[in-house]
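Protein chains in written order, with this note's numbering: chain A, 1 to 402; chain B, 1001 to 1402.
Think of the hints as simulated: they come from the structure by calculation, not from any bench.
For glycine and all other residues, C-beta sits at the position ideal for the given N, C-alpha and C.
Accuracy of the hints is not assured; some may be wrong.
[Stated by the list, open to error] On the chain A side, residues computed to face chain B include the following (Cβ under 8 Å):
1. 51
2. 55
3. 56
4. 57
5. 60
6. 61
7. 67
8. 75
9. 79
10. 82
11. 142
12. 355
[Unchecked claim] Cβ pair distances, simulated, as ranges:
13. A/118 - B/1375: 49 to 55 Å
14. B/1059 - A/284: 54 to 60 Å
15. A/322 - B/1118: 43 to 49 Å
16. B/1369 - A/16: 51 to 57 Å
17. B/1118 - A/118: 20 to 26 Å
18. A/285 - B/1118: 33 to 39 Å
19. A/90 - B/1114: 25 to 31 Å
20. A/283 - B/1224: 39 to 45 Å
21. B/1104 - A/283: 51 to 57 Å
22. A/229 - B/1047: 32 to 38 Å
23. B/1118 - A/104: 20 to 26 Å
24. A/310 - B/1020: 33 to 39 Å
25. B/1002 - A/16: 49 to 55 Å
26. B/1058 - A/401: 48 to 54 Å
2 protein chains.
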Amino acid sequence: MLIVKKFGGSSVADQECIFRVAERCIEDYRNGNEVIVVLSAMGDTTDQLIEKAKNITARPSKREMDMLLTTGEQVSVSLMAMAINSLGVPAVSLNAFQIRMHSTSAYGSARMKRVEAERIRHELDSKKIVVITGFQGINKYEDYSTLGRGGSDTTAVAIAAAMHADTCEIYTDVDGVYTADPRVVSNARKLDTISYDEMLELASLGAKVLHNRSVEMAKKYGVQLVVRSSMNREEGTVVKEVGKLEKMLISGVASDKNTSRISVIGIDDKPGVAFKIFNTLAKNNINVDIILQSVGREGTKDISFTVAQDDRDATLEVLEKNKEILTIQEISYEDNVAKISIVGAGMMSNPGVAAQMFEALFNANINISMISTSEVRITVLIDENDVERAMRAVHDGFGLAD
Amino acid sequence: MLIVKKFGGSSVADQECIFRVAERCIEDYRNGNEVIVVLSAMGDTTDQLIEKAKNITARPSKREMDMLLTTGEQVSVSLMAMAINSLGVPAVSLNAFQIRMHSTSAYGSARMKRVEAERIRHELDSKKIVVITGFQGINKYEDYSTLGRGGSDTTAVAIAAAMHADTCEIYTDVDGVYTADPRVVSNARKLDTISYDEMLELASLGAKVLHNRSVEMAKKYGVQLVVRSSMNREEGTVVKEVGKLEKMLISGVASDKNTSRISVIGIDDKPGVAFKIFNTLAKNNINVDIILQSVGREGTKDISFTVAQDDRDATLEVLEKNKEILTIQEISYEDNVAKISIVGAGMMSNPGVAAQMFEALFNANINISMISTSEVRITVLIDENDVERAMRAVHDGFGLAD
Chain A
1 MLIVKKFGGS SVADQECIFR VAERCIEDYR NGNEVIVVLS AMGDTTDQLI
51 EKAKNITARP SKREMDMLLT TGEQVSVSLM AMAINSLGVP AVSLNAFQIR
101 MHSTSAYGSA RMKRVEAERI RHELDSKKIV VITGFQGINK YEDYSTLGRG
151 GSDTTAVAIA AAMHADTCEI YTDVDGVYTA DPRVVSNARK LDTISYDEML
201 ELASLGAKVL HNRSVEMAKK YGVQLVVRSS MNREEGTVVK EVGKLEKMLI
251 SGVASDKNTS RISVIGIDDK PGVAFKIFNT LAKNNINVDI ILQSVGREGT
301 KDISFTVAQD DRDATLEVLE KNKEILTIQE ISYEDNVAKI SIVGAGMMSN
351 PGVAAQMFEA LFNANINISM ISTSEVRITV LIDENDVERA MRAVHDGFGL
401 AD
Chain B
1001 MLIVKKFGGS SVADQECIFR VAERCIEDYR NGNEVIVVLS AMGDTTDQLI
1051 EKAKNITARP SKREMDMLLT TGEQVSVSLM AMAINSLGVP AVSLNAFQIR
1101 MHSTSAYGSA RMKRVEAERI RHELDSKKIV VITGFQGINK YEDYSTLGRG
1151 GSDTTAVAIA AAMHADTCEI YTDVDGVYTA DPRVVSNARK LDTISYDEML
1201 ELASLGAKVL HNRSVEMAKK YGVQLVVRSS MNREEGTVVK EVGKLEKMLI
1251 SGVASDKNTS RISVIGIDDK PGVAFKIFNT LAKNNINVDI ILQSVGREGT
1301 KDISFTVAQD DRDATLEVLE KNKEILTIQE ISYEDNVAKI SIVGAGMMSN
1351 PGVAAQMFEA LFNANINISM ISTSEVRITV LIDENDVERA MRAVHDGFGL
1401 AD
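Could you build the full structure based on these sequences and the hints that come with them?
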């Protein structure tokens, strides 16, 4: 088997952690597998490097920032290769230049484009464990461009795709994907498998288990992902294409408090005005989530929508700047809201799912202010203070703890 | 003018130092010059990285060590580019992969082979200050191989040669090249110019101003070097091909305490034995310096020679191991010795120079135990305790303080 294993920064934070990971890789290697390891920067190295840059200038060039940050992973991989070597197994560390990991040019938020297989294949054929820097690519200018936080997941998937790996194991601080956050819902259950689409909805909804782009890429190239803990030997959760019969009605419940509701009030009731608003926001790279349109006073319309709380100020600024052109009379916002979502590949063919969710929330006396649905997801906006109660109510309502 | 400026680790040790260097580069840039800066790793970064490796394993793979160490320079150059950018001048940092700095494969002690000019030229044409990682190259395996301590000087010269730079300024903690170490000889005088050959002899004799290989390369490619202080605006010393008329009789006096004298006693007085001894040492990478052969007891020979004190144990080990084959009866060593050398391109055509040196030492009552000469250098071995006195005696004897 060809196995790609990805470990995050906390898994290689110190000498002890590095040897724990090294031994885990060697175990697979000694069992006759080819092993590729993808690593993030050690512990809080990235934060320390950012601090260094901020000491130089408040607004460091993004291009230079990536040149700086990529050293973090290079330190991790060289130390890991040394550790594996010292345990008697040949290993080699490689960075983005050595492998030719091509990425788009956007410094700090690049996307992986293509990984060349040649060098990695050569090293695997020489019976080495190959240790690769995550998070980084080289762009068309022959410069480093980083994938943004959590991008090492995507690196691992891109390499797994390029090398036709049998499995891509993503090591985290949790055992796998749960039906809900176990810290909130005590009887949450670990899932054995989940589909790419469900995982995508969970990731984008703040389940924080996998980097979103990595799941998209895994789906596109059919890479089997396994979410496992770096602290124990539990089997973890397999993310893969799930057959029709296997599809569960509901796989999990997720919440997201990083949400603000923005309301624009009194806009002209004419075709194209709503389009203009969302087009203006999109042009400013603001991702709009749930949208609710309602009839306002005197032939006007009101529109409410949610954005990530981090984008709230930028959103308000853009709207304020374009107030006249967008015919907005008033703008307001509310931070004290949160999203609760249920995700399940089986809900497509089961029309009663939304009603069942609303009933569970109604029974718990929780008010729903906005609703949004996709093929595999139903999301409602509620008061932030109700989140934990809502999670448990919905989790129990669908019998997920069974 | 195209100016290459090289700053060592202490010149970029912290934020304040980085800005001091940045301003110095910007000054040249604003005066209409093209500016390339070559940097070492910040302060004691390299030592810290070595420490990290040693925590993993006592004998880290050299290949992985270079992968680790090269991050040090990458941090320096990215921060420097940020600093220059923040002062309003465009700058770009580049590593060995981006420039294609080709080096030999010997990890930890590689030699520069060739620097490709294209990327650097492109960035200079875009009116940027170009900030380049010293100390590193990429070898034929597409791996980093470092040039060894002090190798950033060589990087700077290699880049100056490739780019046909008008001058290559090496910034150190001294004002330039002196007729003797000013800490020992208080009336030592700074030289305005010195020839490559003289500088080479001084560098190899422990003057510690320039990395030896960098001077060799500068000579080979006719790169004009300037040794200057990073702390002040003094003109420094120019190292270049010196015309016949300019040749000074003696340029300077240097000492080197890192010396051991090894004596092998009672070897067969047959042709080829001395060759065998030094051939065996050379095969073991031991550099032998002054050699003295004398007649021993009962038709045998004694040979004494000096090695760097760091090589003393290795030398004794090699000799002990080959004692029989080399027909050695006895091996002894002495650490309490030092070399004093005078260097001057003019001495070639002046036969009385050696005598003048011996006279100065004789007058100071200093005993000479071994002598070695090259075309531009005379070296004597003396008691280590006499070094400072000998330096001053020779310096005065040649009137170098004038």
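### Query
With 8 Å as the cut and Cβ atoms as the points, is residue 61 of chain A at the interface with chain B?
5 Å, holds
### Query
Is 20 to 26 Å right for how far apart the beta carbons of residue 1118 of chain B and residue 118 of chain A are?
23 Å, holds
#### Entry: Pairwise beta carbon distance, residue 90 of chain A to residue 1114 of chain B, judged against the given window 25 to 31 Å
30 Å, holds
### Query
Can the suggested window of 51 to 57 Å be confirmed for the beta-carbon pair residue 1369 of chain B and residue 16 of chain A?
Holds: the Cβ-Cβ distance is about 54 Å, inside 51 to 57 Å.
### Query
Is the hint on residue 142 of chain A kept, meaning its closest Cβ partner in chain B is under 8 Å away?
This interface hint holds because 5 Å falls under the 8 Å limit.
### Query
Does the CB of residue 67 of chain A sit less than 8 Å away from some CB of chain B?
4 Å, holds
### Query
With a cut-off of 8 Å, does the beta carbon of residue 51 of chain A approach a beta carbon of chain B closely enough for the hint to hold?
11 Å, violated
### Query
Hint check: is the beta carbon of residue 55 of chain A less than 8 Å from a beta carbon of chain B?
5 Å, holds
### Message
residue 75 of chain A was flagged as interface toward chain B. Is the shortest Cβ-Cβ separation under 8 Å?
### Response
Hint holds; residue 75 of chain A Cβ to chain B Cβ min 5 Å, cut 8 Å.
### Query
With a cut-off of 8 Å, does the beta carbon of residue 79 of chain A approach a beta carbon of chain B closely enough for the hint to hold?
Result: holds, 5 Å to nearest chain B Cβ.
### Message
51 to 57 Å was suggested as the range; check whether the CB atoms of residue 1104 of chain B and residue 283 of chain A agree with it.
### Response
Holds: the Cβ-Cβ distance is about 53 Å, inside 51 to 57 Å.
### Query
Honestly, do residue 285 of chain A and residue 1118 of chain B meet the 33 to 39 Å range at C-beta?
Cβ of residue 285 of chain A to Cβ of residue 1118 of chain B: about 35 Å, so the range 33 to 39 Å holds.
Of the hints listed earlier, those the structure fails to meet are numbers 1, 12 and 20, in rising order.
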